[in-house]
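**Q** Full structure from sequences and hints, please.
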Amino acid sequence: MPASDSMASSVVEVRNLSKRFQGFTAVDNISFDIKKGEILGLLGPNGAGKTTTIHMLLGLITPTIGSIHMFGLDLATHRETILQQVNFSSTYISMPFSLTVEENLKVIARLYELKHIQQRIDDIVKKLEMEDIRHRLTRKLSSGQMSRLTLAKAIMTEPKVLFLDEPTASLDPDIVNKIKSFLKEYQRSEGLSILYTSHNMREMEEMSDRIIFLQRGKIVAEGTATEIIQRYGQRDLEEVFLKLAREQNGP
Amino acid sequence: MSLGRIVALLSRHMYLYKRSFARLLEIFYWPFLDLVVWGFITIYLEKVGMSLHGAVSFFLGALILWDVLFRAQQGIAVSFLEEMWARNLMNLFASPLTVGEYLVATMTMSVLKVTAVGGLMMLFAWVFYSYDILQMGLSLLPFVLNLVISGWIIGVLTTSIIMRFGQQAEVLAWGMVFLFQPISCVFYPIEVLPPVLQSLAWIVPPAHIFEGMRGVLTTGNAPVTHLLWATGLNGGFLLIIVAWFYHTFNICKDRGMLVRVGE
Numbered sequence: 000m001p002a003s004d005s006m007a008s009s010v011v012e013v014r015n016l017s018k019r020f021q022g023f024t025a026v027d028n029i030s031f032d033i034k035k036g037e038i039l040g041l042l043g044p045n046g047a048g049k050t051t052t053i054h055m056l057l058g059l060i061t062p063t064i065g066s067i068h069m070f071g072l073d074l075a076t077h078r079e080t081i082l083q084q085v086n087f088s089s090t091y092i093s094m095p096f097s098l099t100v101e102e103n104l105k106v107i108a109r110l111y112e113l114k115h116i117q118q119r120i121d122d123i124v125k126k127l128e129m130e131d132i133r134h135r136l137t138r139k140l141s142s143g144q145m146s147r148l149t150l151a152k153a154i155m156t157e158p159k160v161l162f163l164d165e166p167t168a169s170l171d172p173d174i175v176n177k178i179k180s181f182l183k184e185y186q187r188s189e190g191l192s193i194l195y196t197s198h199n200m201r202e203m204e205e206m207s208d209r210i211i212f213l214q215r216g217k218i219v220a221e222g223t224a225t226e227i228i229q230r231y232g233q234r235d236l237e238e239v240f241l242k243l244a245r246e247q248n249g250p
Numbered sequence: 000m001s002l003g004r005i006v007a008l009l010s011r012h013m014y015l016y017k018r019s020f021a022r023l024l025e026i027f028y029w030p031f032l033d034l035v036v037w038g039f040i041t042i043y044l045e046k047v048g049m050s051l052h053g054a055v056s057f058f059l060g061a062l063i064l065w066d067v068l069f070r071a072q073q074g075i076a077v078s079f080l081e082e083m084w085a086r087n088l089m090n091l092f093a094s095p096l097t098v099g100e101y102l103v104a105t106m107t108m109s110v111l112k113v114t115a116v117g118g119l120m121m122l123f124a125w126v127f128y129s130y131d132i133l134q135m136g137l138s139l140l141p142f143v144l145n146l147v148i149s150g151w152i153i154g155v156l157t158t159s160i161i162m163r164f165g166q167q168a169e170v171l172a173w174g175m176v177f178l179f180q181p182i183s184c185v186f187y188p189i190e191v192l193p194p195v196l197q198s199l200a201w202i203v204p205p206a207h208i209f210e211g212m213r214g215v216l217t218t219g220n221a222p223v224t225h226l227l228w229a230t231g232l233n234g235g236f237l238l239i240i241v242a243w244f245y246h247t248f249n250i251c252k253d254r255g256m257l258v259r260v261g262e
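Line by line, the protein sequences are chains A and B.
The first sequence begins at 0 in numbering that gives the first Met the number 0 and counts up one residue at a time.
The second sequence begins at 0 in numbering that gives the first Met the number 0 and counts up one residue at a time.
For the record, the hints were derived by calculation from the structure and aren't laboratory data.
The structure displayed is predicted, hence computed values, not measured ones.
Glycine is no exception: its CB is placed at the ideal position from the N, C-alpha and C atoms.
Misleading hints may appear alongside valid ones.
[Unchecked claim] So the derived label-pair ranges between C-beta atoms look like this:
no., chain 1, residue 1, chain 2, residue 2, range
1, B, W84, A, S142, 16 to 26 Å
2, B, F20, A, E226, 55 to 65 Å
3, B, L137, A, E189, 51 to 61 Å
4, A, A75, B, W125, 51 to 61 Å
5, B, G99, A, I64, 21 to 31 Å
6, B, I239, A, E238, 53 to 63 Å
7, B, F20, A, E130, 41 to 51 Å
**A** Rendered as structure tokens:
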């Protein structure tokens, strides 16, 4: 399908995307859309190609073949315009440890050329309940506080598309709950499109409007959580995950 | 090219230096010790009556200018290492920041470092040895500017190697510039080198700059030929090395190395 045909509803259009690293195919000819205001879950076992896909969508890895369009523009030729409207967060990324939370947010705000920087920082710090840590050095943050900081840096730029790579991994249930609630509410109010990866199947069912299941770099299932569960004749998404993951890993 | 994004990167490094004693020490401590040691050597040489015209100017001037080159190179290479150590490269290059803006920001950072270190060394030299490098006058300025550009060239080369080979290559941020020191002829004239190395030295911009500096010291005038050679070589090498950096950056993106640098 040409990029322009589905432009009205899709903010992200991925077509025939592949990434091969010397002798290994990480992502194998995948195509999908993310619609405006949609949360798309990207599910799959370790090494299925989820993170590589997100890195290609962020322009950090060059695809071997295939195209990525966002807002109707080709990422390969309109990188700056697209990335101005996109952000990401992940449990596995970090921010400069020797800067305070507020200093890190200021640098990001300048990097995205935001206006009214102090106001934006005050707002996001309040929204994510970070008032008590805003002047704390990043190296002194707990993992939960660090997750909130990386989420704050992503949300503060008011992106239209957000990539979240396991944003709640290794966090305690209370913080996971707070982050999920915040994301859901924020996504509804701002009409944000989100690509979400997680290993937590319940979280995936709760968060995602639609799910793509990746296995060895290929899309093996796509639909709502209910549709996928029915298609594989399992009781829940976790059973589907286990069935597909065991198929990938062998008996 | 966005000035705002360049300022963003500069502010990130300013925040870092503001509270890092170790980083401030790097700016003050080593240059100060270098100057003390070389200052005593020049005093000794003068006392034993070595027939070296203007030994103080010769060595202290060369030392201050060598530090200009060294700090200009470090301003670029260490700025990249800071991002690598902080695992911040993903945050930077997943933002609208361009490679060109990144390079301009690190080059500006290197000018700020050179200004701080150079200013302090001039002050120390004046206070402890009554040596005023500014007595060489404005004729020195184009040589200093050329040294800064030479530092950028070595810094960008170092950064692209670190980006390509990761943490195992980070020692180059401190060591690479010394590879150029023998043929840059910082403390001795080119003619003392063996013929093969002399030929090599003539294509190294800093060798022309230090030869020129010695010319300024002995004649009081800037040797235009050396200046033109240094400027021409610097211009050519800078274009080549920036193109090389873009090429390496694209290779790293293609091989997925940009997201793994520092791991």
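**Q** It remains to establish, for every hint, whether it holds in the given structure.
**A** Here's how the hints hold up against the structure:
| no. | hint | verdict |
| --- | --- | --- |
| 1 | B:W84 - A:S142: 16 to 26 Å | holds (19 Å) |
| 2 | B:F20 - A:E226: 55 to 65 Å | holds (59 Å) |
| 3 | B:L137 - A:E189: 51 to 61 Å | holds (57 Å) |
| 4 | A:A75 - B:W125: 51 to 61 Å | holds (55 Å) |
| 5 | B:G99 - A:I64: 21 to 31 Å | holds (27 Å) |
| 6 | B:I239 - A:E238: 53 to 63 Å | holds (58 Å) |
| 7 | B:F20 - A:E130: 41 to 51 Å | violated (29 Å) |
Violated hints amount to a single one, hint 7; each of the other numbered hints is respected by the structure.
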